[in-house]
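Protein chains in written order, with our numbering: chain A, 1243 to 1435; chain B, 29 to 641; chain C, 1037 to 1531; chain D, 85 to 278; chain E, 10 to 306.
Treat the hints as calculated values from the structure; they're not laboratory data.
Take these hints with a grain of salt, some might be off.
Here are the computed lysine-lysine pairs in the DSS-like style, where the Cα-Cα straight-line distance is at most 27 angstroms [what the hints assert, rightly or not]: (1) C/K1065 x C/K1140; (2) E/K292 x B/K591; (3) B/K553 x D/K272.
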Amino acid sequence: MDMNEKKVTEKVENAEQVEETKLPDTREGKLVKALIEKAPYVEGNVRRERRVEFNVPAERIHDFLELASETFEMLMQISIVDWLKEGQFEIVYQLWSVSESVHAFVRTRIPREDAKLPTVMDIWPVAETYEREAHEFFGIVFEGNPRLGPFILEPREYEKHPLRKDFNLIPYVKAIYGDDFDRYDESKTYYVI
Amino acid sequence: MNLLMVMLFAPLIAGFLAWLLDFKVIREVIGIIGASIPIGVLAYYYSTVTSESITYSLTVGGFTLGFHLTMLTWYFAVIASIVGIAMAFGMASTSKSSYDWLFALISFTGVLGVFLSSDFVGFFLFWELMTFGSFMMVLKRNRHESLKYFVLSIIGAYSMLVAIGIIYAKTGALDFNTVQKALRLDAMVGSISRGETALIYTLFLITFGVKAGAVPLHVWAPGAYSENDQSYTAFFSGALSKAGVYGFVLLYILMGAKLYTALGVFNNHLVFAYILAWIGAITVVVASFLAVLQEDIRKLFAYSSVGQVGYILLGLGIGTGLGFAGALFHVLSHAIFKSLFWLVTAAIILRTGKTRFEDLGGLAEKMPITFTMGLIAVLSLAGIPPMAGFASKWLLYEAAISAHMPLVAGAIFLGSGLAFAYVVRFLYAVWFGQRPSDLDDVKEAPLPLLIGMVILAIPNLVFGIAPGLVTGYFNRLFGDTIVGGNYFRLVTPTGTYNALLVTVILIFGLSIAGLIYIYGAKTRKIPVINTYQSGNPVTEEYNLSMRKNFYRPLAEALGFWLKYSWDRFYERLANLTEDFADWLREGFYNGNAQSYSWYLTIVLLILALWGVL
Amino acid sequence: MNVQYASLLIAIPLITAFFVPLMKGLGEKAIKTYVLIITAIQAGIATWVFEEVYTTGKPIIVMAGGWRPPVGIDLYIGPFAALFVLIVALVSFLMAVFNFRAVKVEPIDKYAMLFLLLMLGATGMIATGDIFNLFVFMEITAITAYALTAYNKTGEAAEASLKYMVLGGIGSSFFLIGVALIYGATGTLNMAQIAQLAGNINPTVAQVALALVIFGLAVEAELFPLNAWAPDAYQAAPHPVTAMFSAFVVKAGIYALARILYLMSAVGTWKNILHLLIAMATLTVIVAEFSALRQRNVKRMIAYSSVSQVGLIGLAFALGTQAGVDAGVFQMINHAIIKVLLFLGVGYVAVQLGGAEIENFRGLGKRMPLTALGVTVGSMSAVGIPLFNIFWSKLRIILATVDAGYAWAAALVLGASVVEAVYYFRLVHAIWFTGEGERLRESAPLVAIMLLLIAIIVAIGIYPNYAWSLSQKAGNDIFNVAQYIKNVPLMGVGA
Amino acid sequence: MGENEGFINYELQEFKLFEPLFKWARKKSLWIVAFCTGCGGIEIPPLATARYDFERFGIMPNPAPRMADLFLITGYVTPKTLKRIIVTYEMMQDPKYVLAHGSCPINGGVYWDSYNVVKQLDKYIPVDVAIAGCMPRPEAVMDGIMEIMRKIESGEANGWKRYRENYEYYRKNQDKLFGEGWREKEAKRWLAWI
Amino acid sequence: MFAWKLVLEAIGMLIYATFIGFIFMGIERKAMARIQRRIGPPIYQPIIDTLKLLGKKESVSHGFIYDFGPVFALGASITALLFIPMGNFQLFSNNADLIVVAYLLEVPMLGIMLGAMSSGNPYSGLGVQRGLLTMVAMQLPYGLAIIALVQHWGTFKLSQLVALQQLQGWSITVPALALAFIVFDIVFQALLGLEPFDIITAPAEISMGPMVEYGGKQAAILFTQHAIQLFAETAFFAVLFLGGASNLLDLFLKQLLVLFIAIFVASIYPRFTIDQAAKFFWKWPTIIGIVAVLLTM
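Chain A extracted, bound-state conformation (with noise of 0.2 angstroms):
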């Protein structure tokens, strides 16, 4: 158990050290420095070849997304991360440019309590899709985003965002499906399935 938690902790420092050496001139170097120009608010790194990555504070990023916008053409992912601890989502906008064939990380944080975001859908259309997604399974309210709801999930579970970590989820499938969710053992720390 301990092994691998050294290897997590090694990797997190040498994260840090790359962030204070000044950006490679390489050519994902010179588009995060064109970026960085146009938008100062913004921290953003080249992770590896092809691979980009943004911060952006939350009440900047549609002015930013529409600069990206110009340069990376596609939308590929709309995906949350829900650090309970700090009370914050983290909200990642993968961006895919055709053509410099780069792979852009937006980030951006907002509190958990009531999220809000402005829908990016008037840029890249398909972001619809991966909002309704987002606001189903964390309740992430995208203002403008026409069809937000019930999606894909059946009613009573839309109700509890289930993919929140605040979410107990033993407790509701013992009340779902009752006697035949036999396997649980509360003494037992981890499961043999």
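Given chain A's structure and the hints, the job is docking chains B, C, D and E onto it.
For chains B, C, D and E alone, kept in the frame of chain A given last:
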């Protein structure tokens, strides 16, 4: 002999009385009596007609109007009166105004007069009367369609008048017998030139083409048939289009020899008949394709009616005895099954008030009797063996192929395929599938309409199982046996068709299938919403049947041809004439006296020059 | 009642016309009843004359002042003249009834006088047997027609009557020159004698004389280029006068044209004139029909239709065959009845609803059903629908035309009548199936007249034998010039 | 759907004379409803290929439930899919058998603790044969099919009879999971999309 | 005297035809399997399938017309069968001719359509539309092929046709009729609903097309109908172009020949879409048909 006159004018007088005594029930009773007198008289005359023909003449305004009831005219008159009675019963429940009764019965007299008259003046008089009656029925509902119909029919009628005038000028006689003798004599002598015969033929072709609805002149049919009280359309398309066909038959009788000598022969087909056959073939194909792509019930049956009359023209065009038998038989079968279709449509529109396919659906449970009548009509039109439709189509196939007209026979095949397609589409869109919510309180059709339908359904079955009855009549009509065999069996030089045996074996086959059906597990009735929608549960509001543009793929396949339409062509022509009329008025009556006096001087100049030249 | 009383037909309207100013003081209603009585008397005499001629079979010859022609002027009332004098009288009588309601403009006595003189002129033109006398009566008709057209005192009426006067004047002056030439060549004015001597006049003089006479009468008879005045005159004139115009004034012109045409049939270029007349008549029909197609004013539309039907009559007369002439006369009778009915109906609607625009006619079926029925029956028979009277005469004309070898003319005329069917049935549709309105009270006498006319139309439509026999006798009278000459007792001047 | 009552009080047809023949025929010609639920759907096509070829046993995939009689549940069953399975199962005509693939239909398998996977399929529709293995190999599936055939031969494969006799039990379980009148609600929910 | 011999012959022939029809369906599936190097079901598999369907304990129906459809289709197929001369059994073939049989072979289509329509299922609606369009598309070439044949032999009577072909050699020996043979073979593919034209019951796309709602005994009736139809059409093909047969074995071999042509074509070609099929039918087969017809004018 004035029984003939009683038969002829009974509908007219009944119509007039119905118009005068405009009370709810009396009007219908008078109408039905008036419409049933002809069939009575004709039945009475059946025995005498087969031996010798009955004639009666009347002098009106210097002309002698002769009427003759020969076997041919008896046949056409009987068809018209059967359809007439069905119309009367239909109108008893669908039409609420005496206006309809008056003009429907006027057109009924017109049709009977056309069939019975034995001279050109009477023929022209009743032809105009028939057109006028049917026109007024359409005028009440839609001005544009009615004017389109009237202009085309009047052009037809007047071209006939000019042709009659030419014949009168050449032969000096107006009644059919003398004209026939004179023209047969003239065929040898050849005093009427080739050009003039061609002119007379084209004029008659236009006249009867318009009334029968041949392709270039069929434009009025969809509008006139649908903008009308549907039970009258049963008569309109069942009997009136037969007047056009009777005209072509008349053409054969009167000018057959002359046309043969004048226009000659093209690889052993009579030229004038060959033209007629090709017109018929094109009508069949074009009208059937258009019928398949229609979205409105009435339009579909209108184009289908034009197509079916195309078959009859084709049969006449073949020119051999068999072709004639096939065509005349199809006249009968088309009259009965098409009028049955129109009565069914009348019932649907009366009960649901809707005419487009997308608003209808699932009426089979609500109107079972109308559905069975519709099914009989479907079987007959599609040409399923035990029905009359098949017998006449069979004769047409025999005639077309044995007369070595292959491409024309190909047109029949394609036409019958298309007929099958649009008839099944009608069944699917109207009777089956989920019922739209606003059609839930639909009741069965009223009793008189049902009687009308039954009157038309019985002959479909009777002549289907025993086509020999009709072909036997034709043999007596033409003198020699064209179609051999007894009541139930048709024998032609190239093929046989035993209708009774086919029906018996069909029943035998059905009984075997029924046995297998009974042997299996007892069936449990489930509603229409319990269908396999890949697992999705289905409720009332679902509309799972494709009622709207059912044949979109066919429309895409025919995209190239559908760009052109005869309708737009005629609209542009009409506007052209109206603009020309305006230009003429501005040009001539421009209102200042100087130009008028200039006209005077011009006339003086002409007179002066004329005198000197 | 010996035969000479027939001259009363001319005398009565003449004398009574000049008594009218004396009665000016008695008020409008009295004058109108006075006109009514006069026309009634005229109709009575006309029926007596009609009985006389058709029972004895011999024409009535009245010699003015007992002198035998060619010195004296004679009235020749043959079968045609008897028939048409009766029609003139009856139509005038009906229009006199219509006057009560239709004519409101002030100087009613002048109107009455002109009304009677118009009737006189027409009767005279038909009954006379002398060319110059024909010219005199033509002038009387023409002048009263100019005055009556302008009677409504509107700008449009004045302009119409001016145009009518200009053209009419030119026409009648050329007619006078023609008559003078004929008189110079033959030395006589009597029609019968002219017919005798027509053969041996030197050809060019005869030809020019005939051309000028025909031209003069053609203006009155509304043939193609010369009828430009007709539609405006018809529309502008008061309603009863329009009916009289189309019913008998034009007919008198056409009759005169036909009479002289057949009298001079011995002239060399007769055939060419016939061809020209046929061409002009066909063009009349076509141009009139086409210009009626997009008319907003119903009265003007029916005026055009009347001009075209008169053209049809002209065509029938110009064929030069016995069948053609009979058909032409039959058409004249039918056309008179229909046009009276139509103009009566349209006039009454114009009076009642103010103006003859087509908008007033929308929903007429609900507002004035009987008038609507009258107009509908009139228009349907004008189109030539079988159960009405024009069908038989149009059929006769077409058969005669094609028989005489002019198939192209027949085709064009029929094409034009298709156009006629279109605009008449647009009117019928507008009347019965569009618009709405509540039922108005219709005046009893006019409705009675309309129903009477409808009855006559349908009667002739269903049983045309009697009317056809009348027109055959009348047609024979015009066509059979030899019989005409024999009937007139001549003084034997010249060969 | 209210009309299923007819489904219950409908007495079945007993063919006395030809029963053995029909039993043989039912064994030799099993038609599979082409309804692949979870991750096992990809296991069925190899059976139809040249190597395993279940067609030689007369087995034919048939998309229409009315004609089919073998219902393969090939993987985890989510409540949404279960609704479709129940509707399709009730449409199938009577001697019908269910073959459950893999461990998920048995006890929820890997998704034992997921809210979205049905833990025990047998509570909702009767399962005749269950094949163990987190997606059994084609040989195992073939063996399962052989097992179904043997059961039909011996007459034990009467899942359909069990479903019909204690229909209330199954109905109660279904309504407990989905809530009362779930068919109308489900239909209305998807009506907006059509 | 009631022709007992004829009736018995007919019933015997009917049983023989049904059995051989099922065998043909079995051969069809077996041959397709062997081509794909699979073992494939036993030849009598369709019989087992039909028995299983007949043996279903429960049966469901959407109303009277839903049941009347398959019964009418089977009845029409049986009627069509009994009018085709089979080898030495003339059955009723001198009472009806080519046109009657051609029409009777198309009537089952209406029966199936009736049943499919009344079930109110979207897939069956699509199946009906495609079935009709295929039929409309193939009607012209089908007609032209028949016309060419009849014009050459000058008669419609099937028995006479067979006699003539026995004397003067099979139809395909005549060049013009060879063209007609090709056209008829393409149309035959659509008549049977085999691969390139199985648009009607496209299994993957619209789940068995019209048959979607059929189960239990109705499906059994439809299977027997398909068997009889297969037998009747192959026999019709053999009678028209391969000179009919003197005895049943000869007929069986010819039917097999025709069937195998169809199977080989079916196992190769992918499926047409419906308007491609319409365009295809109105292009090549029609042109060849017209040429054949003009040659035999």
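Hint by hint, here is what the structure shows:
1. C/K1065 x C/K1140: Holds, because 11 angstroms separates the two Cα atoms, which is no more than 27 angstroms.
2. E/K292 x B/K591: Holds, because 20 angstroms separates the two Cα atoms, which is no more than 27 angstroms.
3. B/K553 x D/K272: holds (24 angstroms)
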